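Chain B: place on chain A using the hints.
Number of protein chains: 2
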Amino acid sequence: MSHLQQSFAVRFTYNVFFTEKLFKSTNPLLADFFTQQSSELRKKILFVIDSGVADAHPDLLTDIKAYFAQLTDRVELVPELIVIPGGEISKNDPALVEQLVDAVDRHGVDRHSYIVAVGGGSVLDMVGYAAAISHRGIRHIRIPTTVLSQNDSGVGVKNSVNYRGKKNFLGTFVPPVAVFNDRDFLITLDDRDWRAGISEAIKVALIKDSLFFEWIERNAEALAARDMETMDYLIHRCAEMHLEHIAGGDPFEMGSSRPLDFGHWSAHKLEQLTNFELRHGEAVAIGIAMDCLYSQQLGWLTDADTNRVLKTLRTLGFSLYQPMLDADESKGVLKGLAEFREHLGGQLTIMLLQGIGKGVEVHEIDAAKVRWSIATLKEQEPTAESQLV
Amino acid sequence: MSHLQQSFAVRFTYNVFFTEKLFKSTNPLLADFFTQQSSELRKKILFVIDSGVADAHPDLLTDIKAYFAQLTDRVELVPELIVIPGGEISKNDPALVEQLVDAVDRHGVDRHSYIVAVGGGSVLDMVGYAAAISHRGIRHIRIPTTVLSQNDSGVGVKNSVNYRGKKNFLGTFVPPVAVFNDRDFLITLDDRDWRAGISEAIKVALIKDSLFFEWIERNAEALAARDMETMDYLIHRCAEMHLEHIAGGDPFEMGSSRPLDFGHWSAHKLEQLTNFELRHGEAVAIGIAMDCLYSQQLGWLTDADTNRVLKTLRTLGFSLYQPMLDADESKGVLKGLAEFREHLGGQLTIMLLQGIGKGVEVHEIDAAKVRWSIATLKEQEPTAESQLV
Numbered sequence: 440m441s442h443l444q445q446s447f448a449v450r451f452t453y454n455v456f457f458t459e460k461l462f463k464s465t466n467p468l469l470a471d472f473f474t475q476q477s478s479e480l481r482k483k484i485l486f487v488i489d490s491g492v493a494d495a496h497p498d499l500l501t502d503i504k505a506y507f508a509q510l511t512d513r514v515e516l517v518p519e520l521i522v523i524p525g526g527e528i529s530k531n532d533p534a535l536v537e538q539l540v541d542a543v544d545r546h547g548v549d550r551h552s553y554i555v556a557v558g559g560g561s562v563l564d565m566v567g568y569a570a571a572i573s574h575r576g577i578r579h580i581r582i583p584t585t586v587l588s589q590n591d592s593g594v595g596v597k598n599s600v601n602y603r604g605k606k607n608f609l610g611t612f613v614p615p616v617a618v619f620n621d622r623d624f625l626i627t628l629d630d631r632d633w634r635a636g637i638s639e640a641i642k643v644a645l646i647k648d649s650l651f652f653e654w655i656e657r658n659a660e661a662l663a664a665r666d667m668e669t670m671d672y673l674i675h676r677c678a679e680m681h682l683e684h685i686a687g688g689d690p691f692e693m694g695s696s697r698p699l700d701f702g703h704w705s706a707h708k709l710e711q712l713t714n715f716e717l718r719h720g721e722a723v724a725i726g727i728a729m730d731c732l733y734s735q736q737l738g739w740l741t742d743a744d745t746n747r748v749l750k751t752l753r754t755l756g757f758s759l760y761q762p763m764l765d766a767d768e769s770k771g772v773l774k775g776l777a778e779f780r781e782h783l784g785g786q787l788t789i790m791l792l793q794g795i796g797k798g799v800e801v802h803e804i805d806a807a808k809v810r811w812s813i814a815t816l817k818e819q820e821p822t823a824e825s826q827l828v
Numbered sequence: 440m441s442h443l444q445q446s447f448a449v450r451f452t453y454n455v456f457f458t459e460k461l462f463k464s465t466n467p468l469l470a471d472f473f474t475q476q477s478s479e480l481r482k483k484i485l486f487v488i489d490s491g492v493a494d495a496h497p498d499l500l501t502d503i504k505a506y507f508a509q510l511t512d513r514v515e516l517v518p519e520l521i522v523i524p525g526g527e528i529s530k531n532d533p534a535l536v537e538q539l540v541d542a543v544d545r546h547g548v549d550r551h552s553y554i555v556a557v558g559g560g561s562v563l564d565m566v567g568y569a570a571a572i573s574h575r576g577i578r579h580i581r582i583p584t585t586v587l588s589q590n591d592s593g594v595g596v597k598n599s600v601n602y603r604g605k606k607n608f609l610g611t612f613v614p615p616v617a618v619f620n621d622r623d624f625l626i627t628l629d630d631r632d633w634r635a636g637i638s639e640a641i642k643v644a645l646i647k648d649s650l651f652f653e654w655i656e657r658n659a660e661a662l663a664a665r666d667m668e669t670m671d672y673l674i675h676r677c678a679e680m681h682l683e684h685i686a687g688g689d690p691f692e693m694g695s696s697r698p699l700d701f702g703h704w705s706a707h708k709l710e711q712l713t714n715f716e717l718r719h720g721e722a723v724a725i726g727i728a729m730d731c732l733y734s735q736q737l738g739w740l741t742d743a744d745t746n747r748v749l750k751t752l753r754t755l756g757f758s759l760y761q762p763m764l765d766a767d768e769s770k771g772v773l774k775g776l777a778e779f780r781e782h783l784g785g786q787l788t789i790m791l792l793q794g795i796g797k798g799v800e801v802h803e804i805d806a807a808k809v810r811w812s813i814a815t816l817k818e819q820e821p822t823a824e825s826q827l828v
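For the protein sequence lines, the chains are A and B, in the order given. With my numbering applied, the first sequence covers 440 to 828. With my numbering applied, the second sequence covers 440 to 828.
The shape of chain A in the complex, shown without the other chains (with noise of 0.2 Å):
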């Protein structure tokens, strides 16, 4: 018996640029990206695009178009834009992914060209699988076009479409070779849209930054009524601190480590309970409330700081209880925990807070402390009527 050892580091560089105006001709950045990417060839670029942003952005295949045109001596434009349904229908459908791959292999895109995807989260990760199984990983750059995927997903280094109903079973960690955070897409966000991003915020601050979870609760009005400043700094420091996450610790979750996943149990359970009308974000800000109020049953976070973060949640416009969060507990959220913990691997690993800016990891999950906390919510919601907007 004998044995060869093998062991080598593989680095992954991107960029994350911050921008507006992307496709207009006046903006440099993505002409500079492709004039940098080293070639000893025409680069191809497949576009696909999520029909929400197309919808609400009529100029954008055609601006797509015009700004490539300029580029022909460098990358060569794929004239079939693909566009697709947006949201997590398109995580859903498997014949997507194929339509993808066979757009790949119809128009000869190779493992030295380019897929971007523009959209949201969910399309981001669709299309991110797609790049990552054709060719062993096309070079895949990310434009998001939500204040979630514009902070949170669509920067890392994941990629997953559903199997099954099953949220994220199948998928792989690649990073993209570069991210364009362009603020012009969030303007035509429909409110739901715009809010539920910044709960992931939200999460980073409470178990990381309390500095950052103040100025957060000092500016919920002003991010409420959609202020763009605001906005921008929310987006570049959650970015920041999600970036740093993937970089200082396990980057592909070999070991033990986790991802940024507080308030998230319950909150992957209760998008499938709900058929996904629920959003991530807006499942999220519930998720997060529930693991605030079984930390303050812990006595590990006070009544004053569980209070401030619910506050915020509520005047950011979140509401904080689903009527499936009294889900029959036989396929209720309960069972989202041991989903989570199957997902990630290993024991079950539950963030909760210690305090504003401190998680702490445990391994166990009470069952009465969750049903207190959901029903300390319900009863907390404002009535039906108050709840009109």
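No distinction is drawn between identical chains; accordingly, a pair holds when it is met within one copy or between any pair of copies.
No more than 30 Å apart at the CA atoms, straight line, and that leaves these computed lysine-lysine pairs for DSBU-like:
#, residue 1, residue 2
1, Lys774, Lys483
2, Lys605, Lys483
3, Lys483, Lys770
4, Lys482, Lys605
5, Lys808, Lys605
6, Lys482, Lys770
7, Lys463, Lys483
8, Lys482, Lys774
9, Lys482, Lys504
10, Lys483, Lys504
11, Lys797, Lys750
FYI, nobody ran anything at the bench for these hints, they're computed from the structure. Keep in mind it's a predicted model, so treat the numbers as computed, not measured.
For chain B alone, kept in the frame of chain A given last:
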């Protein structure tokens, strides 16, 4: 406009063990491996086995169950050992990937659990792919059972399946967590599979190590006569060179670096043209012969050295001509050049020889010289009568 730069390195480490009687209770290798894996929890192990291997080793499933029955304190064998068809067919059928993903779901196999593949290169490729995409990557152990997989693909970092007949169109780069090469599996190989894997050793010797080629040349008769000690050395040295190439360069082929693919551009196409009746290694032997003759025409490889290579391949028992080499050029091997470029991406890059042990990359291939190589191989081929084995 501003940007954040993300940069991190991910280290991958794994051992390739050379052993025998891996699943006998007297062999502690696997048990030790699982003891050394850091673990807060007992992990699940899902076995997927090549039907050809299961048929040739009727005690295999019983042995695996008995072996893991001793290890229940450390690991939990999923009681259903999945047996799937071996050979290229396993990479052509999307239902098999689905069957494995479904088993992952049904048996609650998480990312910190293990999927073990036992089989030839095709089964390892397919199972590795299913493991790589499930839960964003379940730990994967390879137990290669053929010469080809023990010295080449099985010790590397790639996995794949075919898509609509296009070889390796879908796949990822994900290193295994361990490889166990058990020489006993080689004893039951039929002559074609025993021989086929030797062509990858000749390939790596020709482009990197003239002394290793001379060793193969001297030992060709012993290898053809199935001398096991000789094969042990061949596999060990070939695996070692394969691992060195991966670690020394660009393991995930993100830049312009290439796999060790001398003789492979035509081999991939020939496999497809013969509907995979030609084994990969048999096709590579023909591809090596073709690219040696091509190098000879360039004046880069002497007539004597060219003949040494062809003679060694024939001594080993390889046929160096296949009628599909003369298929209509609208669909023939020359079409394989474009597909080869597209799959690897970037500029066409073909390895040729400037002497034994010295591979050199070129970026153009002259069709007339390819035709001459094919005609030469056809002319030199023994008549049909003498071919009968």
